[in-house]
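Asker: Take a look at the letters that make up each chain.
Protein chains: 2
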Amino acid sequence: MTEIDIIERLRQKLPVFPRSGIVLGVGDDCAVFRPKSSPEDLLVTTDLLVEGIHFLPSTHLPEDVGHKAVARGLSDIAAMGGDPRFCLLSVALAPGMEGAWMGRFYRGALRLAGIHKLTIAGGDLAHAARFTCDVVVCGAVPRGEALTRSGARPGDSIYISGALGGSALGLESRSSAARNRHLRPEPRVALGRFLRRQVHASAAMDLSDGISLDLHRLSVASGVSAVIDHPLPSFPGASVEQVLHGGEDYELLFTVAPGTRVPRHYDGIPLTRIGSMIERRRMRVAFFGRELEPLGYDHFRLAT
Amino acid sequence: MTEIDIIERLRQKLPVFPRSGIVLGVGDDCAVFRPKSSPEDLLVTTDLLVEGIHFLPSTHLPEDVGHKAVARGLSDIAAMGGDPRFCLLSVALAPGMEGAWMGRFYRGALRLAGIHKLTIAGGDLAHAARFTCDVVVCGAVPRGEALTRSGARPGDSIYISGALGGSALGLESRSSAARNRHLRPEPRVALGRFLRRQVHASAAMDLSDGISLDLHRLSVASGVSAVIDHPLPSFPGASVEQVLHGGEDYELLFTVAPGTRVPRHYDGIPLTRIGSMIERRRMRVAFFGRELEPLGYDHFRLAT
Chain A
1 MTEIDIIERL
11 RQKLPVFPRS
21 GIVLGVGDDC
31 AVFRPKSSPE
41 DLLVTTDLLV
51 EGIHFLPSTH
61 LPEDVGHKAV
71 ARGLSDIAAM
81 GGDPRFCLLS
91 VALAPGMEGA
101 WMGRFYRGAL
111 RLAGIHKLTI
121 AGGDLAHAAR
131 FTCDVVVCGA
141 VPRGEALTRS
151 GARPGDSIYI
161 SGALGGSALG
171 LESRSSAARN
181 RHLRPEPRVA
191 LGRFLRRQVH
201 ASAAMDLSDG
211 ISLDLHRLSV
221 ASGVSAVIDH
231 PLPSFPGASV
241 EQVLHGGEDY
251 ELLFTVAPGT
261 RVPRHYDGIP
271 LTRIGSMIER
281 RRMRVAFFGR
291 ELEPLGYDHF
301 RLAT
Chain B
1 MTEIDIIERL
11 RQKLPVFPRS
21 GIVLGVGDDC
31 AVFRPKSSPE
41 DLLVTTDLLV
51 EGIHFLPSTH
61 LPEDVGHKAV
71 ARGLSDIAAM
81 GGDPRFCLLS
91 VALAPGMEGA
101 WMGRFYRGAL
111 RLAGIHKLTI
121 AGGDLAHAAR
131 FTCDVVVCGA
141 VPRGEALTRS
151 GARPGDSIYI
161 SGALGGSALG
171 LESRSSAARN
181 RHLRPEPRVA
191 LGRFLRRQVH
201 ASAAMDLSDG
211 ISLDLHRLSV
221 ASGVSAVIDH
231 PLPSFPGASV
241 EQVLHGGEDY
251 ELLFTVAPGT
261 RVPRHYDGIP
271 LTRIGSMIER
281 RRMRVAFFGR
291 ELEPLGYDHF
301 RLAT
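Just so you know, the protein sequences line up as chains A and B, in that order.
Residues in the first sequence are numbered consecutively from 1, following the working numbering.
Residues in the second sequence are numbered consecutively from 1, following the working numbering.
Just so you know, not all the hints are guaranteed correct.
Below 30 Å or equal to it, Euclidean Cα-Cα: the simulated DSBU-like pairs (lysine-lysine) are [as the list claims (entries may be wrong)]:
#, chain 1, residue 1, chain 2, residue 2
1, B, Lys117, B, Lys13
2, A, Lys36, B, Lys36
3, A, Lys36, B, Lys117
4, A, Lys13, B, Lys117
5, A, Lys117, A, Lys36
6, A, Lys13, A, Lys36
7, B, Lys36, B, Lys13
8, B, Lys36, A, Lys117
9, B, Lys13, A, Lys117
What the simulated footprint calls covered on chain B by chain A, stretch by stretch (three residues with Cβ under 8 Å from a Cβ of chain A suffice, anywhere in the stretch; the number is not a length) [claimed, not checked]:
#, segment
10, 202-215
11, 243-257
A partial selection of chain B residues facing chain A, derived with a Cβ cut-off under 8 Å [what the hints assert, rightly or not]:
#, residue
12, Leu10
13, Lys13
14, Leu14
15, Val16
16, Gly25
17, Phe33
18, Phe86
19, Leu88
20, Ala100
21, Ala177
22, Val220
Rather than coming from a laboratory, the hints here were simulated on the basis of the structure.
Beta carbons: idealized from backbone N, C-alpha and C, even for Gly.
Use the sequences and the hints to build the structure in full.
Answerer: Encoded structure:
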């Protein structure tokens, strides 16, 4: 059973009560809540960070863990074109972490939050055998304007920001650029806003689990197939495996309608066309004529 | 170092950015977000549930764990007088939990969510050595009307709903009423709404960590002292210790201005006057003339 299967099975059982204000629920980067009579929708995302799964104490400094916790949530807000507003940090500390470790964790989290003017509005504190935290980030978009995974149409061009495979390379190598990429990912918040406001992207999501899996998800959500027929921009030194299936690059994947002008760079970040969307076929994602299996990081395929 | 100290130290470092929309941050049952131009404020709360800390697999069925996860968040919404709207469930499963255990966990969570018309709008899935989940519950109140911990004034009467000590008793005994109280707490959502709309309570919070600690917190937040001079309503069979310091009763503690009429019952739940607020003194909480130490459940005092 894969994570997609589990989420799909769950989703079918989840009623959306009419008064909830939820206009987009399980299955995208954020849920979308529509406050009564407001010109803005609220984006809400929640992400776990578990010691030994999402980070290793031997690799990550406490500041890196705090940075990553906040970065994961901000990246989901970026994917939907949102303005970050506030976050909640729930932290279960392992024995011995109450003093200096915790202070350094919060320093890393607060630094990144401060850069994005993200107010830390609450949270919870507990103990656990291993450090676990959950970060909730909320952002705002003008009503009805959130970028989603489901808006891609046949004929749309597919783009990605930046280069792929850097984070996976950084896990395994001593290259300091790649290690930095892995330890301190930069959520593409300003780019996401630009894609919503200026580019009017038809669909977007963040690349958290590798393009092979994430483009598969976007194609399923949009009911189309994807063709990659241009070279993927690779992080220097990354292997083909790392580029196709490596997770945690936190770049943005987006599509635009035919004729849309997309600049080559945004604020120094390359924006590269890698292919196009087509009518749904048997092959969900084609990579230079062959099927690209969704082998990116899936917590639940690994488990079963 | 206690949880109060840690949270106070953190709070001083946390900037609230003006555009965040946060009108009440760290330190109450929920954060309060004010959507642009809306007649409603949004309440947001997040709670961890960690295997071995908040529940034991030997005591709790998977359905109980799902129930409790949602109940904790709903109780925070109730404490501020909110209408539940939606929640997000982040779940890190221990090895072997992916099949039947997970299905039964979600059944318990969905059942309680359904009773309160709470839409499950998203979440995250991961693995961990031990089951950990984080539940975010969001609710709404008319703008500016959230009940808070900080509104109690000298002369106000102090009330609690229901009876105390049942959950602590249920942990240790075979009494089925007390065990049920521990395993399936009932968040006082309708009562919280009644306290906001009809009673116009001056302050409120939920009793999650024992009245000795929670009344202390409410008194600190309001800048007053509390005097308990009426008998505390006790769950049948609960010891004085369990009544004063036992956690997880999830009843409501609230205060009302002098002259406010409070009914003796609401929907079958007794509402009992236990004392009154006075000007701040050295003793934060007096219990029949002696100081009541805040010995309720504190994750961090236990740790240090």
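Asker: Each hint should be assessed against the structure and marked as holding or not.
Answerer: Hint check:
For the hint pairing lysine 117(B) with lysine 13(B), the CA-to-CA distance comes to about 37 Å; that exceeds 30 Å, so the pair is violated. At roughly 10 Å between alpha-carbon atoms, lysine 36(A) and lysine 36(B) fall within 30 Å of each other, so this suggested pair holds. Under the criterion of a C-alpha separation no larger than 30 Å, the hint pairing lysine 36(A) with lysine 117(B) is consistent with the structure, at around 17 Å. Between the alpha carbons of lysine 13(A) and lysine 117(B) the distance comes to roughly 14 Å, so the proposed pair stays at or under 30 Å and holds.
About 25 Å separates the Cα atoms of lysine 117(A) and lysine 36(A), which keeps this hinted pair within 30 Å; it holds. Using a Cα cut-off of 30 Å, the hinted pair lysine 13(A) and lysine 36(A) holds, with the two alpha carbons roughly 26 Å apart. Distance check on the hinted pair: lysine 36(B) and lysine 13(B) sit about 26 Å apart at the alpha-carbon level, within 30 Å; holds. Restraint check for lysine 36(B) and lysine 117(A): satisfied, since their Cα atoms lie roughly 17 Å apart, inside the 30 Å limit.
About 14 Å separates the Cα atoms of lysine 13(B) and lysine 117(A), which keeps this hinted pair within 30 Å; it holds. Look at the segment 202-215 of chain B against chain A: 0 of its residues bring a Cβ nearer than 8 Å to a Cβ of that chain, fewer than three, so the hint is violated. Counting residues of the segment 243-257 of chain B whose CB lies closer than 8 Å to any CB of chain A gives 0, so the stated coverage by that chain is violated, three being the minimum. Look at leucine 10(B): its Cβ gets to within about 7 Å of chain A, closer than 8 Å, so that hint holds up.
Against a cut-off of 8 Å between C-beta atoms, the interface hint on lysine 13(B) holds, since the closest Cβ of chain A lies about 7 Å away. Taking 8 Å as the C-beta contact cut-off toward chain A, the hint placing leucine 14(B) at the interface holds, the least distance being around 5 Å. Hint on valine 16(B) holds. Least Cβ distance to chain A is approximately 5 Å, under the 8 Å limit. The closest approach between the C-beta of glycine 25(B) and any C-beta of chain A is roughly 5 Å, which is under the 8 Å cut-off, so the hint is satisfied.
With its C-beta approaching chain A no nearer than about 7 Å, phenylalanine 33(B) sits inside the 8 Å limit, and its interface hint holds. For phenylalanine 86(B), the shortest C-beta to C-beta distance to chain A is roughly 5 Å, which falls under 8 Å, so the interface hint holds. Because the beta carbon of leucine 88(B) sits about 5 Å from the nearest beta carbon in chain A, less than 8 Å, this interface hint is met. The restraint placing alanine 100(B) at the interface with chain A is violated, with a minimum CB-CB distance near 13 Å, outside the 8 Å limit.
Because the smallest distance between the Cβ of alanine 177(B) and any Cβ of chain A comes to about 28 Å, over 8 Å, the interface hint for this residue is violated. The beta carbon of valine 220(B) is not positioned within 8 Å of any beta carbon in chain A (closest approach about 17 Å), and the interface hint is therefore violated.
Of the numbered hints stated above, those contradicted by the structure are hints 1, 10, 11, 20, 21, 22, listed in ascending order.
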